[in-house]
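Here is what each chain is made of, one letter per residue.
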Amino acid sequence: MLEINPGVAIWTIVTFLILVAILRKVAWGPITEALNRREESIRKALEDAQRAREEAERLMEENKRNLARAEEEVQRIIREGRETAEKIRSEILEKARKEADMIIERAKEEIERQREQAMLQLRAQVAELALQVASKLIDETLSTQKHKELVEKYLQEISSSGRA
Amino acid sequence: MFLSNLAFASDTLKHAEEAHGGESSSWMLHHIADSRTIDLEPFGHINLPQFPPIHIGGIEIDLSITKHVFFMWIVSLILVVLLSLVAKSYRKQVVPKGLANLVEVFVVFIRDEIVLSVIGKEGLKYLHYFLTLFFFILLCNLFGLIPYGATATGNLAVTGGLAFLSFILIQLAGIKKHGLIGYYKGLVPHGVPGFVAPIMFIVEFLGLFAKAFALTVRLFANMTAGHIVILSLIGLIFVFKSVLVAPISIGFAIFINLLEILVAFIQAYIFTMLTALFVGLSIHQH
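Line order of the protein sequences matches chains A and B.
All residue numbers for the first sequence refer to our numbering, where the first residue is 640 and numbers rise by one.
All residue numbers for the second sequence refer to our numbering, where the first residue is 55 and numbers rise by one.
It is possible that some hints are incorrect.
Stated by the list, open to error - BS3-like mimics (lysine-lysine), calculated; alpha carbons at most 30 angstroms apart, straight line:
{"no.": "1", "chain 1": "A", "residue 1": "K664", "chain 2": "B", "residue 2": "K175"}
{"no.": "2", "chain 1": "B", "residue 1": "K142", "chain 2": "A", "residue 2": "K683"}
{"no.": "3", "chain 1": "B", "residue 1": "K175", "chain 2": "B", "residue 2": "K239"}
Said to hold, decoys possible - Here are the simulated distance ranges between beta carbons:
{"no.": "4", "chain 1": "A", "residue 1": "I643", "chain 2": "B", "residue 2": "F259", "range": "19 to 27 angstroms"}
{"no.": "5", "chain 1": "A", "residue 1": "E700", "chain 2": "B", "residue 2": "N155", "range": "37 to 45 angstroms"}
{"no.": "6", "chain 1": "A", "residue 1": "L698", "chain 2": "B", "residue 2": "G174", "range": "19 to 27 angstroms"}
{"no.": "7", "chain 1": "B", "residue 1": "I235", "chain 2": "A", "residue 2": "R690", "range": "44 to 52 angstroms"}
{"no.": "8", "chain 1": "B", "residue 1": "N155", "chain 2": "A", "residue 2": "A691", "range": "27 to 35 angstroms"}
{"no.": "9", "chain 1": "B", "residue 1": "L331", "chain 2": "A", "residue 2": "I643", "range": "48 to 56 angstroms"}
{"no.": "10", "chain 1": "B", "residue 1": "P107", "chain 2": "A", "residue 2": "E678", "range": "47 to 55 angstroms"}
{"no.": "11", "chain 1": "A", "residue 1": "I643", "chain 2": "B", "residue 2": "V293", "range": "41 to 49 angstroms"}
{"no.": "12", "chain 1": "A", "residue 1": "E678", "chain 2": "B", "residue 2": "L102", "range": "55 to 63 angstroms"}
{"no.": "13", "chain 1": "B", "residue 1": "A279", "chain 2": "A", "residue 2": "A691", "range": "56 to 64 angstroms"}
{"no.": "14", "chain 1": "A", "residue 1": "N675", "chain 2": "B", "residue 2": "G245", "range": "37 to 45 angstroms"}
{"no.": "15", "chain 1": "A", "residue 1": "N675", "chain 2": "B", "residue 2": "I110", "range": "40 to 48 angstroms"}
{"no.": "16", "chain 1": "A", "residue 1": "R715", "chain 2": "B", "residue 2": "V149", "range": "56 to 64 angstroms"}
{"no.": "17", "chain 1": "B", "residue 1": "F255", "chain 2": "A", "residue 2": "A691", "range": "56 to 64 angstroms"}
These aren't lab readings, by the way, just hints derived from the structure by calculation.
From the three backbone atoms N, C-alpha and C, an ideal C-beta is built for every residue, glycine too.
Take these sequences, add in the hints, and give me the full structure.
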């Protein structure tokens, strides 16, 4: 069992060397080449994926920045609009107040004028009414006997004083 | 597994009769050792072609085809067919399927975990060697576990041949990297005092052979041990001459058989890993 048969050893060496040569040509060459090719393609795919991710991240970052800028712009526009509106509002209010003041002023003047006119008319009418009342009073008192006597008396007094 | 046990049993009976009782253990060796026939008991056996031995420098070399050589060739044939099918499947689509998936697990493991992590980028030049080594040893190991199969890696000549090739590869890789003189000079670690350097060189130089020797024996012993345990467990039935022992023996034999599957993978991995480690050491000397 422990003897070494040199013939078998030589056959082993020959067989193995031929096997190495054949397998190298038909098997290991194509197989390792295919493996390398596949590994290369996987590596490339991974790299591509990595690149794509970085690109996507960059785009997202940019989008975020744009969005922030747009937001700022919007805020600015709103603020400006609000300021303008405020200004316009106060202007309108101011104008309205002035106008109201003016209208009130004019109304006051009108009222004053009307009042004076009314006073004048009142005074004229009152005088006329007083005259009418006085003339009516005079007509009435003169027609009665008593007043006739009174007039007689006065006439006598006047005549006596004249003679004396 | 049952079939293989059955084959053992029938064969064992025959040999036990020949050995006049159950005392002899030669039948176990018969299963493990190399032979010039392929046993297909109880259907007989096939005689393998024989060649007259040739003499080179006083050494008698018998290049006859033996059982283990035959199984190495079967393994090689299977590897070429299966792996070229796998390679073809990659041509159609890059995504592996079925067998290609299984093979790819090992190929990627050997490339990334053994060659790249132990040797580094320079090791990729020798990747096809390590891949072949792993699959060849693995299939040889597994072949001993199927009925009528024989474990070529349970033969010192086979493991020695493989270790010899690994030894050559280790030297070549080192020489290619550092030059012939630079490589053998580099065997002595830096910072060793001058008078120790020659001793260190001898130790390290012998270490190169010790590494190959360790590879040889480790694989051989591991593959042989499991088989001997299985055969011994089966043999217990005939030692006790009782059928009652059979369930226990077979149960344990099956357990060891499953363990052997694990060992087959582990040893193929270890042989490949250590070869890569030694190549890495000879490339990165300092």
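Verification of the hints:
1. Proximity of K664 (chain A) to K175 (chain B) is assessed by CA-CA distance (about 21 angstroms); at most 30 angstroms being required, the pair is judged to hold.
2. The straight-line distance between the Cα atoms of K142 (chain B) and K683 (chain A) is roughly 24 angstroms, inside the 30 angstroms bound, and the hint therefore holds.
3. For the suggested pair K175 (chain B) and K239 (chain B), the alpha carbons sit about 24 angstroms apart, so the restraint of at most 30 angstroms is met.
4. A beta carbon spacing of about 22 angstroms between I643 (chain A) and F259 (chain B) agrees with the range 19 to 27 angstroms that was offered as a hint.
5. In this structure the supplied range 37 to 45 angstroms holds for E700 (chain A) paired with N155 (chain B), their Cβ-Cβ distance being about 43 angstroms.
6. Distance hint for L698 (chain A) and G174 (chain B): a CB-CB separation of about 42 angstroms, inconsistent with the stated range 19 to 27 angstroms.
7. Distance hint for I235 (chain B) and R690 (chain A): a CB-CB separation of about 51 angstroms, consistent with the stated range 44 to 52 angstroms.
8. At about 30 angstroms, the CB distance of N155 (chain B) to A691 (chain A) agrees with the hint of 27 to 35 angstroms.
9. Evaluation of the 48 to 56 angstroms hint for L331 (chain B) and I643 (chain A) yields a failure: the beta carbon distance comes to about 25 angstroms.
10. With their beta carbons about 51 angstroms apart, P107 (chain B) and E678 (chain A) fall inside the hinted range of 47 to 55 angstroms.
11. Distance hint check: the CB atoms of I643 (chain A) and V293 (chain B) are about 31 angstroms apart, inconsistent with the given range 41 to 49 angstroms.
12. Between E678 (chain A) and L102 (chain B), the C-beta spacing of about 45 angstroms breaks the proposed range 55 to 63 angstroms.
13. The given range of 56 to 64 angstroms is respected by A279 (chain B) and A691 (chain A), whose C-beta atoms sit roughly 58 angstroms from each other.
14. The hinted range of 37 to 45 angstroms is satisfied by N675 (chain A) and G245 (chain B), whose Cβ atoms lie roughly 40 angstroms apart.
15. The hinted range of 40 to 48 angstroms is satisfied by N675 (chain A) and I110 (chain B), whose Cβ atoms lie roughly 44 angstroms apart.
16. At about 58 angstroms, the beta-carbon gap between R715 (chain A) and V149 (chain B) stays in the expected band of 56 to 64 angstroms.
17. Judged by the Cβ atoms, the range 56 to 64 angstroms given for F255 (chain B) and A691 (chain A) holds: they are separated by roughly 59 angstroms.
Checked against the numbered hints given earlier, the structure breaks hints 6, 9, 11 and 12 and satisfies all the rest.
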